[in-house]
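One line per chain: the protein sequences are A and B, in this order.
Reminder that position 127 of the first sequence reads as 127 in our numbering, one-by-one numbering, no gaps.
Just remember that our numbering sits 178 ahead of the position in the second sequence, which is counted from 1.
FYI, nobody ran anything at the bench for these hints, they're computed from the structure.
Just so you know, not all the hints are guaranteed correct.
Unchecked claim - Covered by chain B, according to a simulated footprint, are these stretches of chain A (three or more residues, beta-carbon under 8 angstroms):
#1 34 to 47
#2 80 to 88
#3 128 to 139
As the list claims (entries may be wrong) - Sample of chain A residues with no beta-carbon within 10 angstroms of chain B, all distances over it, derived:
#4 L17
#5 R18
#6 F24
#7 V26
#8 E63
#9 F111
#10 W114
#11 A118
#12 V161
#13 R170
#14 P171
Here a beta-carbon is modelled for each residue, glycine too, at the ideal position from N, C-alpha and C.
Below, each chain spelled out in residue letters.
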Amino acid sequence: MALPKPLLSAARPEEILRPSRPWFVVLTLVLALFANLLPLSGTALALRPDFLALVLLYWCIQEPRFVGVGTAWCVGLLMDVGDATLFGQHALAYAVLAYAAEYFRRRVLRFPLWQQAAQVAVLLALCAGLVVLVRVVGGAPLPRWTYAVPPLSGALLWPLVTGILQWPQRPARSSVEL
Amino acid sequence: MRHVPVEPPAFFHRGPSPLARLAFFGLISIALLFLDTRYRYLENMRHLAAIVLYPLQRAAQVPGEALGYVGSYFASQRALSDENASLKRQLVEQSIVARALPETQDENTRLKALLGVRARYGAAATAVEVLYTGRDAFTQKLFVSKDGDADLKAGEAVVDVEGVVGQVTRVFPYMVEVTLITDKDQAVPVKVQRSGVRSVLFGSGAGHDPELRFMAPNADIQVGDRLVTSGIDGTYPPGLAVARVATLERDTGQMFARITATPLAGVDRSRHLLVLSQAAALPPRPEAPADADAAKKSGRAKGRRG
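For reference, chain A alone in the conformation it holds in the complex (with noise of 0.2 angstroms):
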C-alpha cells in the first residue's frame, strides 16, 4: 500500500530519487522569476527573498548537471533586466552562486533541513554581498540595513523550497519499507 509521500522532509542522502523533469526545472525557474518581479514595496519587498536565487540555488545542488553555471548567469541576466539594474550584476552573482552550491553540494545534502538552511543563508549572503561589492565600485551609495534580511528569509523558506521541488521526485512510500 502506497503511503502519501511526506511534503516537508528532505529525501535521506540514502534515498534514491527519480529523475526530475527537465520541463519541471523550467517551470520552476520561471516561477521564480515571475516571483522575483511581482510589483511589491515597503515592507513586503523588504522582507521578499530573492526567489530566483533560492530555486536555481536547489536545482545546482540537486541537478548540477542540468542546471550549472550557464544557466544562472543566463537567469541572471534576465533579472538585470527584470530589476532594470546594472547590466550583468545578478548574472555574476548567479554564476558564483552556482559554483558555490556545485562546490559545496555533496555536504550540504549531507545535514538536516534545518541545518542545509543555515549553510544556504551563507551561500545567499554571500550572493548579495557581491552585488553589494560590485555596486559600490561602480560608485552606488551603501543599500538600508535591510538589505541583509533576504538571505535570511530565503533560508527560512529553504524546508518549503525542498519540499515542494522535491515533490514529484520522491518515489511512493511502500508501507513495507516502513
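Mind docking chain B on chain A? Use the hints.
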C-alpha cells in the same frame, strides 16, 4: 606500471570544469558591468531582453491589480464620500485661482514682451500611472505605464500635483523608467523662491534627504525656504516646486554650508504623475570652442609664417 587514469573516460566527459565556466562567465559579466557603468553601450541589448521579459512582467502586475480592484470594490461608502467632499473643496479653491489665471497670463505675456524675454515654456504633458517602485536597493526608481504610441523621451521631467518627482531615464516599449530626485547624485537645478539664489539639489540615496551642495556659508537661505526649479538646464521647466529646506548648518570653518531639503512632491507616494515634454527648443549649442581652436591654430600658423 600504469596508473589509474584521473580524468574520467571520454563518454563521461562533462565539458569544461565548473571553475573554468565560472571564470568564463565571470569575465563576461565583469565586461558587461564595465560597459554598462562607463559607456552605457548595452541599451539595445537591454531593450531586446525587456521585450522578451515583458509578458512575464505584465503577468506579475495582475495579482496586485486584482487585489487593488477587490479592495476598491469594498472601499467603504464613508471613505468615498469623504474623498468626494475634499475633492469638491479643492475644486472650488482652485477654480478661483484658475479663473484669475488667464488674466495673469495675459499680463505676464505683455510684461515679458516688454522685457523681450522668450515665451515661457509651453510644455505638453502626458499623464502616466506608477506600475511599481524599483526593486534595486541601490537606486531610487519608479516604473510607470506608457501607452504604446505616447512619445516619451529620456530626459523629460516628471511631476506630480505638488512638485518635481524625477526624470525619465529609460523608455521601454510599454513602460518608462523614472529616476527620482532622491536617487544618489541625481541633480536638479533649483533656486530659492524667496531670494532667487541659484543652486543644484543633489539626491543622497535611499533614506536621506537631498542636499544643496556648494552653497557658501553666508548664502541667503533659511530653513523652510521653498526651492523651485530654475530652468537653466533646459530639462525641468522653470518654477516647479521641488523641495523645502529642512536643515541648515552654517560652519564658517567649512568651505560650504550643509543644507538638506525635503522633497515636496510625493516621490514615494504619488500614483499619478505627469511627464512634461521638452517642447521648448533650446537655442543651438554654440560651437565656440572649435572656432577658438581653429582661430588659435591659424593664428599660430600665421605666426610661424610671419
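Hint by hint, which ones does the structure fall short of? No hint contradicted; all consistent.
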